[in-house]
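Taken in sequence, the protein lines are chains A and B. Note that numbering that gives the first Met the number 0 has the first sequence beginning at 0, numbered continuously upward. Note that numbering that gives the first Met the number 0 has the second sequence beginning at 0, numbered continuously upward.
Rather than coming from a laboratory, the hints here were simulated on the basis of the structure. This list has only true hints and no planted wrong ones.
With a Cα cut of at most 20 Å, we get these calculated SDA-like pairs of lysine to any residue:
1) K31/B - E67/A
2) K31/B - L60/A
3) K31/B - D68/A
4) K31/B - R69/A
5) K31/B - D93/B
6) K31/B - P31/A
7) K56/B - P98/A
8) K31/B - A66/A
Derived DEER-like restraints, expressed as beta-carbon distance ranges:
9) D17/A - P53/B: 40 to 48 Å
10) W110/A - E91/B: 54 to 62 Å
11) A100/B - Y86/A: 19 to 27 Å
Taking beta-carbon pairs under 8 Å as the criterion, some of the chain A residues facing chain B (in silico):
12) E22
13) S48
14) R50
15) Y52
16) V54
17) H59
All C-beta atoms, glycine included, are put in the ideal place defined by N, C-alpha and C.
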Amino acid sequence: MLRLTNDVWARMVAHCYDGLPLEACGLLGGDPARARASVCYPTDNTAASARVYTVDPQGHLRADRDAEDRGLEIIGVFHSHTHTDAYPSETDVRQAPDPGWHYVLVSLRDWVPVVRSYRIVDGAIAEEPVVIDGSGRPGKIAGGAEVLQ
Amino acid sequence: MTTHRVGFSPWSAPVSIDVRLPTVLRSATGGKATVQAEGATVGEVFIDLVEQFPELKSQVLTDDGSLHRHLNVFLNDDDIRYLGKLDAKVGETDTLTLMPAVAGGAA
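Bound conformation, chain A alone (with noise of 0.2 Å):
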């Protein structure tokens, strides 16, 4: 299970809005223990492409920085698919840099964004749930994220 405060929800997919056309990615920064995203740190994609991102290497050494002074860790990434499902492309999975971390994906195909996470270890892919933390509003978020009470 990945959970995600409401506001790193929000600014992962108004970032992934924001790329279009273009495919757009980020960091996510949390407790490795807990799995909780409790920072967004939305980067460039420096490949500016609609197919595919590259996270911006100074982003991600801001992010890095950032996450330590706040006693957190880099905990996974997050990227747009425009046009396709939120589901692990093979590029995806061919260059998942850490087992450990939570692979999350925007899907922008449909009026409502569709948000996903995995975990790829060894090539595998494993879905798992993505649950909103500490909303305090019940019922479900678009996307198929349950709100936890």
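Knowing the structure of chain A, use the given hints to seat chain B on it.
Relative to the frame of chain A, chain B by itself:
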């Protein structure tokens, strides 16, 4: 790799600097996030690093001794690609930060 004469400049003598490692590489350092390695250039620091922690070698260097392309390396705030890569000189207050390149996409 460039050869540096000791005493040629304040930065030409080998110095011991901090090397920060991403989580994915820490299994090779016994879990340490920051280790010390010695050299006058980034390339020499890498040689010392992989001598101390041999498990790192295949993850940071290619067979011909160049940096793995899925690795980003920063000397303080600067990407070493813009500083002369492995020939970039290091000073004793410098920090080398290794980070995985993060990429993918729908393609």
